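Peer 1: Letter by letter, the chains look like this.
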Amino acid sequence: MQEILTSMLQWLRFDDMESVYLAIPLAPLAGAIVAGLFGRFITRGMAHWVTILGVAVAFVLSLAVFQHHVLEGAESYNGTVYRWLSTGDLTLEIGFLIDNLTAVMLLVVTFVSLMVHIYTIGYMHDDPGYKRFFSYIALFTFSMLMLVMSNNFLQLFFGWEAVGLVSYLLIGFWYKRPTAIYANLKAFLVNRVGDFGFLLGIGAVLLYAGTLDYAAVFADAPEMAEQTMEIFEGSPWSVVSVVCILLFIGAMGKSAQVPLHVWLPDSMEGPTPISALIHAATMVTAGIFMVARMSPLFELSEAALSFVIVTGAVTAFFMGLLGLVQNDIKRVVAYSTLSQLGYMTVALGASAYGAAIFHLMTHAFFKALLFLAAGSVIIAMHHDQDMRNMGGLRKYMPVTWLTSWIGALALIGFPGTSGFFSKDSIIEAVHMADVPGAGFAYVAVLAGVFVTALYTFRMIFMVFHGRERMDEHTRGHLHETPLVVTGPLVLLAIPSLAIGWYTVEPMLFGTYFQGAIFVQHENDVLFELGHEFHGAGSMALHGLTQPPFWLAMAGIATAWFFTLAAPGAGETVKRLSGPLYRMLVAKYGFDRFNEVVFAGGARAVGRLLWRVGDRVLIDGLVVNGSARLVGWVAGRARLLQSGYLYHYAFVMILGLLGLLTWWVVA
Amino acid sequence: MNSVMADLSHAWPEVYILTMACVLLVVDLYLTERFRFVSYLLAQVTLLGAAMLTLGQMGGEGTAFTGAFVHDAMSDILKLFIYLVSAMVFLYARDYLKARNLLKGEFYMLGLFGVLGMMLLASAHSLLMLYLGLELMSLSMYALVAFNRDSPVASEAAMKYFVLGAIASGMLLYGMSLIYGATGSLDVATVAQAVTDEGVKGQVIRFGVVFLLVGLAFKLGAAPFHMWLPDVYQGAPTAVTLYLSAAPKIAAFAMFIRLLVDGLSGLVADWQQMLAVMAVLSLAIGNVVAIAQTNIKRMLAYSTISHAGFLLLGVLAGTPDGYAAAMFYTLTYAIMAAAGFGMITVLSRAGFEAEEIDDFKGLNSRSPWMAGMMALIMFSMAGVPPTVGFFAKLGVLEAVLAVDMVWLALAAVFFSIIGAYYYIRVVKVMYFDEAADESPLEAAVDTRIVVSANALAVLYLGLFPGTLMAICNAALGA
Numbered sequence: 040m041q042e043i044l045t046s047m048l049q050w051l052r053f054d055d056m057e058s059v060y061l062a063i064p065l066a067p068l069a070g071a072i073v074a075g076l077f078g079r080f081i082t083r084g085m086a087h088w089v090t091i092l093g094v095a096v097a098f099v100l101s102l103a104v105f106q107h108h109v110l111e112g113a114e115s116y117n118g119t120v121y122r123w124l125s126t127g128d129l130t131l132e133i134g135f136l137i138d139n140l141t142a143v144m145l146l147v148v149t150f151v152s153l154m155v156h157i158y159t160i161g162y163m164h165d166d167p168g169y170k171r172f173f174s175y176i177a178l179f180t181f182s183m184l185m186l187v188m189s190n191n192f193l194q195l196f197f198g199w200e201a202v203g204l205v206s207y208l209l210i211g212f213w214y215k216r217p218t219a220i221y222a223n224l225k226a227f228l229v230n231r232v233g234d235f236g237f238l239l240g241i242g243a244v245l246l247y248a249g250t251l252d253y254a255a256v257f258a259d260a261p262e263m264a265e266q267t268m269e270i271f272e273g274s275p276w277s278v279v280s281v282v283c284i285l286l287f288i289g290a291m292g293k294s295a296q297v298p299l300h301v302w303l304p305d306s307m308e309g310p311t312p313i314s315a316l317i318h319a320a321t322m323v324t325a326g327i328f329m330v331a332r333m334s335p336l337f338e339l340s341e342a343a344l345s346f347v348i349v350t351g352a353v354t355a356f357f358m359g360l361l362g363l364v365q366n367d368i369k370r371v372v373a374y375s376t377l378s379q380l381g382y383m384t385v386a387l388g389a390s391a392y393g394a395a396i397f398h399l400m401t402h403a404f405f406k407a408l409l410f411l412a413a414g415s416v417i418i419a420m421h422h423d424q425d426m427r428n429m430g431g432l433r434k435y436m437p438v439t440w441l442t443s444w445i446g447a448l449a450l451i452g453f454p455g456t457s458g459f460f461s462k463d464s465i466i467e468a469v470h471m472a473d474v475p476g477a478g479f480a481y482v483a484v485l486a487g488v489f490v491t492a493l494y495t496f497r498m499i500f501m502v503f504h505g506r507e508r509m510d511e512h513t514r515g516h517l518h519e520t521p522l523v524v525t526g527p528l529v530l531l532a533i534p535s536l537a538i539g540w541y542t543v544e545p546m547l548f549g550t551y552f553q554g555a556i557f558v559q560h561e562n563d564v565l566f567e568l569g570h571e572f573h574g575a576g577s578m579a580l581h582g583l584t585q586p587p588f589w590l591a592m593a594g595i596a597t598a599w600f601f602t603l604a605a606p607g608a609g610e611t612v613k614r615l616s617g618p619l620y621r622m623l624v625a626k627y628g629f630d631r632f633n634e635v636v637f638a639g640g641a642r643a644v645g646r647l648l649w650r651v652g653d654r655v656l657i658d659g660l661v662v663n664g665s666a667r668l669v670g671w672v673a674g675r676a677r678l679l680q681s682g683y684l685y686h687y688a689f690v691m692i693l694g695l696l697g698l699l700t701w702w703v704v705a
Numbered sequence: 231m232n233s234v235m236a237d238l239s240h241a242w243p244e245v246y247i248l249t250m251a252c253v254l255l256v257v258d259l260y261l262t263e264r265f266r267f268v269s270y271l272l273a274q275v276t277l278l279g280a281a282m283l284t285l286g287q288m289g290g291e292g293t294a295f296t297g298a299f300v301h302d303a304m305s306d307i308l309k310l311f312i313y314l315v316s317a318m319v320f321l322y323a324r325d326y327l328k329a330r331n332l333l334k335g336e337f338y339m340l341g342l343f344g345v346l347g348m349m350l351l352a353s354a355h356s357l358l359m360l361y362l363g364l365e366l367m368s369l370s371m372y373a374l375v376a377f378n379r380d381s382p383v384a385s386e387a388a389m390k391y392f393v394l395g396a397i398a399s400g401m402l403l404y405g406m407s408l409i410y411g412a413t414g415s416l417d418v419a420t421v422a423q424a425v426t427d428e429g430v431k432g433q434v435i436r437f438g439v440v441f442l443l444v445g446l447a448f449k450l451g452a453a454p455f456h457m458w459l460p461d462v463y464q465g466a467p468t469a470v471t472l473y474l475s476a477a478p479k480i481a482a483f484a485m486f487i488r489l490l491v492d493g494l495s496g497l498v499a500d501w502q503q504m505l506a507v508m509a510v511l512s513l514a515i516g517n518v519v520a521i522a523q524t525n526i527k528r529m530l531a532y533s534t535i536s537h538a539g540f541l542l543l544g545v546l547a548g549t550p551d552g553y554a555a556a557m558f559y560t561l562t563y564a565i566m567a568a569a570g571f572g573m574i575t576v577l578s579r580a581g582f583e584a585e586e587i588d589d590f591k592g593l594n595s596r597s598p599w600m601a602g603m604m605a606l607i608m609f610s611m612a613g614v615p616p617t618v619g620f621f622a623k624l625g626v627l628e629a630v631l632a633v634d635m636v637w638l639a640l641a642a643v644f645f646s647i648i649g650a651y652y653y654i655r656v657v658k659v660m661y662f663d664e665a666a667d668e669s670p671l672e673a674a675v676d677t678r679i680v681v682s683a684n685a686l687a688v689l690y691l692g693l694f695p696g697t698l699m700a701i702c703n704a705a706l707g708a
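Protein chains in written order, with our numbering: chain A, 40 to 705; chain B, 231 to 708.
FYI, nobody ran anything at the bench for these hints, they're computed from the structure. You may find that some hints are simply not true.
[Claimed, not checked] Per label pair, the in silico range of CB-to-CB distance:
#, chain 1, residue 1, chain 2, residue 2, range
1, B, 664, A, 130, 54 to 64 Å
2, A, 646, B, 672, 34 to 44 Å
3, B, 690, A, 267, 34 to 44 Å
4, B, 674, A, 646, 56 to 66 Å
5, A, 656, B, 690, 40 to 50 Å
6, A, 675, B, 696, 40 to 50 Å
7, B, 595, A, 674, 43 to 53 Å
8, B, 329, A, 674, 28 to 38 Å
9, A, 667, B, 289, 49 to 59 Å
[What the hints assert, rightly or not] Some chain A residues flagged as far from chain B (calculated, every beta-carbon gap over 10 Å):
#, residue
10, 249
11, 274
12, 558
13, 616
14, 655
15, 670
[Claimed, not checked] Which chain A residues face chain B? A few, computed with CB under 7 Å, are given here:
#, residue
16, 668
17, 677
18, 694
19, 695
20, 696
21, 699
Just so we're clear, the structure is a prediction, and the values are computed from it rather than from any experiment. For glycine and all other residues, C-beta sits at the position ideal for the given N, C-alpha and C.
Isolated chain A, as found in the complex:
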């Protein structure tokens, strides 16, 4: 494998790594430009070939980077590609920081993106916006790569906003659907809230560190930790805490943490490949990546870590609960994504950044798999997404069924799957952490395991097993989806199942992230955990005896009971739990609250300002009022111009007398 890569690079004349780094984001960008701007001149086939080629090149080059940095152990690269502008002491540049953290993100992003590109050929087959779609997802890949490769806050922010923009465009891809437009507007507005915090955080970094370059900022971090700022009189705040919390607010928007999570379930209005790529595997993990990248800052602030862990715990548990009452197959997966993002955030708060990135990676594979499998089901069901109309699909769609099972097992953390290694590590890490809020977080993530298993297998059982509930017409057309769809499923199922075995040791307990992620020694829970780690096999075996496993089993059993064994029992539980059930259906009222208080409030304030401020005060009094006054004066003054000669002469004489008087008096 290595020889092939090396010879390929030589053939491509990429002698130095810098041109490789540059080519990684530019290849998808070129594809996006061709498919987007020149879409009129090319066929549908050319549109998907050119973008797939771009992403494939990026993927191969990412493999080369992985080989260079991880396998050959090259030093991390930090260099400037282009100096945008320089003013005073501030220099704004585009640059790359390539280390092991970047390398793993590159692989995840380009691999999932490539799979999704291929899958899209099948999923969007009949869509009139085919070329536009490929252009968007290639553009997304470019933006995401710029984000993860950045070596400074400005470029990070650029990538951050660019992925947000593409996400907005893709959620509203079917722009004739009112629900899609509502959803993309919602995503955009909610992300604005997060981005505002993020921008303030970057501003604070610039204010206190005087630079936006990662390396320089991290070097300044200890100094920042000792400074305080007083936003309110008499209450000094640690600068680094304020910076970290502001940056994390940005992450909360992008990675959909409570209470800025409301946009993610609605984003399922977009086409399913997008849900897999952007709203499960890559973009939503940008926040997780960012916090891990900023570990030298977060490590200095216990307050920020505590804030992070509590937010993550709330998201992990309570968003999982919502998955229980959903009937839309994509929404179940969406809530599961929210919950899993919560797990990653909890890991960040526990200073187990490695575990967070590890879970990010495994989650990218198995969640993309689950989404694409859901998409495969949706294709077969003629774009019906309601699980109550499914059932027994197993015999019609064996490949989809098998890969979904693999994805589901990975999601609930069944020992041996990739999800097990990452999730179990997070739970253990939280158990050992002593940051304030860790106790609560431990309970939340543990209970979350049961909830995860319950909603996941409720979905699996409802879709693939039991009675066939679809109508006759649909049943007649049920069949396995084509190779462009099942191919990516299989290709994603392999890492979902197996990748944990090979990566758990180096990524969590080895030196993989040395130099990329910084952890204070007393916070280093993974280091502690490492003492108990004796290989992946024994960890899997040990997992069988641990509470998370039994909780997961209990979840599966409960799911089996309510969906297959006693389908009527669910109704009884619904009736008995009354208000609790209604609260879950209402999604804790976040949407209603936002609509009434924020949207309604903003509109009320706007209306007030418009009616009173604009129409009465500004338009009426200031603008029209002064105009009317001038008009009135003009109307009076023109009467002086009577047209009589003697009046004119009289005014002249008066003027003369006036001047003479002035003269004499003066």
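Knowing the structure of chain A, use the given hints to seat chain B on it.
Peer 2: Below, chain B without anything else, positioned relative to chain A:
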């Protein structure tokens, strides 16, 4: 003999214009209606020749006729602009007059005599020469206003203009006599010497200055001596209004400089105050009352009053920078005014006067190019960058601020904002209203080209004001 030739050497352009005006008068007698354009050509040739002569003697300086006549950088520049603006006026007026059977040699003859009067004003160095120039110019203008004898409105306007002008001339003359009485001389330099030597003693000389100022203000059209202006501008044939509005302002500026700066600079503290009062009054009346107008000639008349206020601001600053700014303002205003009234003649045709603002409705749909040009002129008059009107106002305001008269600058800006309304209303009418009549424009090609060039000059001077500003500074030693 030698001394007469030396005197004449400074005054060749004046001599030439006088001769040619007489030639034109005679030649015109022998022309049939078909060949009337020869008079027009002769007038243009006269102006061109005068321009050559003036250019030829540029750089020279000196006085002639025992100090009554002065030839310096300022007089040369002002004369050149007087020729230029008058030539444009003659061109714009041609088709307008022809369409109304008014194309007669008298128009050009009177016009040339008026030009001669303006030239004398630009070069006057004694009170008597000043008065002569003024009367020569004024009498030509009275006659021109009444040029269309069959129009009662024009006759009424001419009557008003004549009577009020006579009163103003009387006051001016009375002021001159008082100054002569106080200083014993008509020569501007001697008067200046006497005023400086004796200081500001004596009520007599002060009295004289007041009367003098009233006369000057009347000619410039500054409030409260502006009453004649709207009626005359509206009543006169548009071609004549065009003539009145452009070149004579340059002459009036010359008069201010020759009398107040060259002659009475010792009393600057006193006339500064009076000019300030007149400037603010002009700005207020000009800008506010213009809003109530529906006739565009009348509206531009009020606009002239407000521009006179701005011009006064530059003069009253009392510094070489201020004078230079005022000169820049005057020259660019003359160009803008020529373009503005020129545009009205372009829109007019036989039997139709484009006098109302409503006549500009929907001009954009009839002729987008001309609408664009008109918009340019209006923006320049309102003082919107990057047109030259902005830099003219800026220069004047800078001069006023440099002598710490902040309140004056604020008042000027305040009234300019009010004034912007009626200029931009014309733009609005052209672009956003439906045209009342859709007939295409009839103006001749050369007129269109020159009016376009004239309007584009407004933009060009706004983008590159440096050269003209440098010329003004050099002329006034700023």
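Peer 1: Each of the hints needs a verdict: does it hold here or not?
Peer 2: Hint-by-hint comparison with the structure:
At about 56 Å, the beta-carbon gap between residue 664 of chain B and residue 130 of chain A stays in the expected band of 54 to 64 Å. In this structure the supplied range 34 to 44 Å is violated for residue 646 of chain A paired with residue 672 of chain B, their Cβ-Cβ distance being about 53 Å. Between residue 690 of chain B and residue 267 of chain A the Cβ separation comes to about 59 Å, which falls outside the hinted range of 34 to 44 Å. Checked against the hint of 56 to 66 Å, the pair residue 674 of chain B and residue 646 of chain A passes, with Cβ atoms roughly 58 Å apart.
For the hinted restraint 40 to 50 Å between residue 656 of chain A and residue 690 of chain B, the CB-CB distance of approximately 42 Å keeps it satisfied. Checked against the hint of 40 to 50 Å, the pair residue 675 of chain A and residue 696 of chain B passes, with Cβ atoms roughly 44 Å apart. For the pair residue 595 of chain B and residue 674 of chain A, the supplied restraint of 43 to 53 Å is violated, since their beta-carbon distance comes to about 31 Å. Checked against the hint of 28 to 38 Å, the pair residue 329 of chain B and residue 674 of chain A passes, with Cβ atoms roughly 35 Å apart.
Checked against the hint of 49 to 59 Å, the C-beta distance between residue 667 of chain A and residue 289 of chain B comes to roughly 56 Å, which is consistent with it. Residue 249 of chain A, annotated as away from the interface, keeps every beta carbon of chain B farther than 10 Å; the closest lies near 37 Å. With 10 Å as the threshold on Cβ separation, the claim that residue 274 of chain A sits away from chain B holds: the shortest Cβ distance comes to roughly 45 Å. No beta-carbon of chain B is positioned within 10 Å of the beta-carbon of residue 558 of chain A; the least distance is around 59 Å.
Distance to chain B confirms residue 616 of chain A as a non-interface residue, since its nearest Cβ pair spans about 65 Å, more than 10 Å. Every Cβ of chain B is farther than 10 Å from the Cβ of residue 655 of chain A; the closest lies at roughly 22 Å, confirming the non-interface assignment. Against chain B, the non-interface label of residue 670 of chain A is violated: not every CB pair exceeds 10 Å, the least being about 6 Å. This hint is violated: residue 668 of chain A has a C-beta 10 Å from the nearest C-beta of chain B, more than the 7 Å allowed.
Checking residue 677 of chain A against chain B by beta carbon gives a least distance of about 5 Å; that is within 7 Å, so the hint holds. The restraint placing residue 694 of chain A at the interface with chain B holds, with a minimum CB-CB distance near 4 Å, inside the 7 Å limit. Using the Cβ-Cβ criterion of 7 Å, the hint placing residue 695 of chain A at the interface with chain B is satisfied: the shortest such distance is roughly 5 Å. A hinted interface residue such as residue 696 of chain A counts as satisfied when its beta carbon comes closer than 7 Å to some beta carbon of chain B; here the least separation is about 10 Å, so the hint is violated.
A least Cβ separation of about 5 Å between residue 699 of chain A and chain B falls short of the 7 Å threshold, and the interface hint therefore holds.
In this structure, the earlier hints numbered 2, 3, 7, 15, 16 and 20 are contradicted, and the remaining ones agree with it.
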